[in-house]
Amino acid sequence: MQEFIREGKTFPFPYSVYQALLTQKITGDMLSQINQNHSFSFYKRIDLTTGVFPITIIWRLPEDYGYHLEGLRAYYGQGENLSPVIYYQLYQTNRNRELQDNPIPLRLITTPGSNQLNRYYMVRLNITYAPAAMIKIVIQGQSGQNPEFIDIMTEGLRITREYRTIY
Amino acid sequence: MLNPYHEKIDISRIIQLQNYQYQNALYLEEEVPASSQLDAAVSITSIGHFMLLSMTGSYTTKIADSPAVDDNINHLFVQLVDGANHRELFDDYIPANLFLSPGREKVLAGVDIPVSSPLFLEYPFIYTFPLNGQILVRIRNDSDYANTLRIMFKGIRIFNIQRQDL
Chain F
0 MQEFIREGKT FPFPYSVYQA LLTQKITGDM LSQINQNHSF SFYKRIDLTT
50 GVFPITIIWR LPEDYGYHLE GLRAYYGQGE NLSPVIYYQL YQTNRNRELQ
100 DNPIPLRLIT TPGSNQLNRY YMVRLNITYA PAAMIKIVIQ GQSGQNPEFI
150 DIMTEGLRIT REYRTIY
Chain Y
0 MLNPYHEKID ISRIIQLQNY QYQNALYLEE EVPASSQLDA AVSITSIGHF
50 MLLSMTGSYT TKIADSPAVD DNINHLFVQL VDGANHRELF DDYIPANLFL
100 SPGREKVLAG VDIPVSSPLF LEYPFIYTFP LNGQILVRIR NDSDYANTLR
150 IMFKGIRIFN IQRQDL
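Taken in order, these protein sequences are the chains called F and Y.
Residue numbering for the first sequence is 0 to 166, as defined by numbering that gives the first Met the number 0.
Residue numbering for the second sequence is 0 to 165, as defined by numbering that gives the first Met the number 0.
So here's chain Y without its partners, still in its complex pose (with noise of 0.2 Å):
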């Protein structure tokens, strides 16, 4: 955030800059299904590159039953990929619930176990994804029953450097 008693506020500037920069969000949402794996992507595409700084995510908890059932522990693992060049930037699947917050998301109606806390705390992780790649989101679900993950990367998309030249 802008410091007022530090920084002074050249709005002209920041009207300039903001034709090269400017804050970002992208969303990615995907169901898993029932024990299986798959590779979900948010594309880049060819605006600019995407500097990441943070995430926020949800995931589902149902496990298979008749009705479903939704049992509160975690069975999203996530690895996340850099896209253009196939670079993990995690060493392994992590748990959703390791690095996404506000979390659980209580789907199903009459389940006794509490609301998630409704807590956003961004996980920190930065990261420039380069124009027409990809943010690359590899997702294992070990329920028996499909979970929906929900993502959004905050960041800031950045013009190619050629177009600024334009």
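In isolation and in its complexed conformation, chain F is listed as follows (with noise of 0.2 Å):
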């Protein structure tokens, strides 16, 4: 990844862009950046009706194409009314680095988390991938006490190798 970045990838503009909206003229060179390292989401949907755990995750990146990862959004499907177990365990697989020392519960990180809520909180998470990583999650619970499904999204910035341009 030191490679990767030191071959001149980075990232997009901050969220401070609105700043430099009225501060710097955005030129082609940008456009071509952020079209290079852009936003994008990966996502799964879990069946837990089988009570089996460990649940393993894993969302495997291509050679051309690394991954910043932002944060995580989940849903527990149909299971509102019942106060699920769910503990998760993240790890960087290019560094075969566990980012926990031990699973969390996963409504400690995200929200909506139960279908009456609808609120979108999120702990931000910093963690990048290398190009054929993989970004693997394992999910823990209890048998008989799950709802039907988890629903699970990342946000987060994918980087590019390709030098592309919109021109």
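To be clear, the hints were calculated from the coordinates, so they are not data collected in a lab.
Every clue listed holds true.
Computed beta-carbon distance windows for the label pairs:
1. F:G27 / Y:E87: 23 to 29 Å
2. Y:Y26 / F:K24: 23 to 29 Å
3. F:N125 / Y:P66: 45 to 51 Å
4. F:T49 / Y:N23: 43 to 49 Å
5. F:G27 / Y:A63: 47 to 53 Å
6. Y:I14 / F:M133: 47 to 53 Å
7. F:S31 / Y:D38: 25 to 31 Å
8. Y:I14 / F:N95: 52 to 58 Å
9. Y:A40 / F:L124: 29 to 35 Å
10. F:R96 / Y:L107: 48 to 54 Å
11. F:F52 / Y:I13: 53 to 59 Å
12. F:F52 / Y:A40: 37 to 43 Å
13. Y:P66 / F:E97: 49 to 55 Å
The beta carbon of each residue, even a glycine, is placed where N, CA and C say it ideally should be.
If you follow the hints, you should be able to join the two separate chains into one complex; please do so.
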């Protein structure tokens, strides 16, 4: 990944882009860079009806782009009246690294969580995955006390190797 | 936002810059028939490129019955695509309730479920759609009743580079 960064692959504008809008003229180079490194979201629905744990989720990155993970969003299916005990543990496979010392309840880092709440707060993550790495999440739960499924998606930036231009 | 303590507010400079770039919002509203999917699109037009920065949106949650029932559970799944080159920006169809706020719209009277929380938290998403392209929104509805999706795409309109020389 270090080499990847040394190649000059940088992330797009920060959200102060609104500020930049008023002080800086957006050039063709900036546009191209944003087209090269742009937001991208992964998604999976995990069936919990089998009651068999752990469940491993893997998003495998291709050779031509890395990914900067900024957050997770999750929703616990039809279980709004339950208190599901779902834990997750995040791994960064390109460094063969556990990113948490223990499984952490999923509801501690994501909302909306339950169906009724419709709140969209999220703990911010800041993890960069190299091309060809895997974003791996292991889900733990307790049999018989779970909703039917979990929807889980990522927020983050896709960082392409290929330099694209829109012109 | 401009920080008046750190930035000099140069009105003439800002006015000049607005000849090239300005804040812009694009709107999509689409009713998806029961148990079907469709492609909706917002045209970027020839005005200029559109740098998307964030989205807000809402959706209905009706299911078939007689009369219709609002079950308060999301039935719409969305995949965002750059229509100019068909680059998928979501790897799959993502449930609308995962990324859109304010979220569910209560559209049927007398339904014994609460109105969704009126929180407007933008879903940050940075991507530049080129001029004459389109924001392609693939939508799937798994309900036996038609449901409506509304999305505001908020960003910056950037004139075609050639226009700056006019």
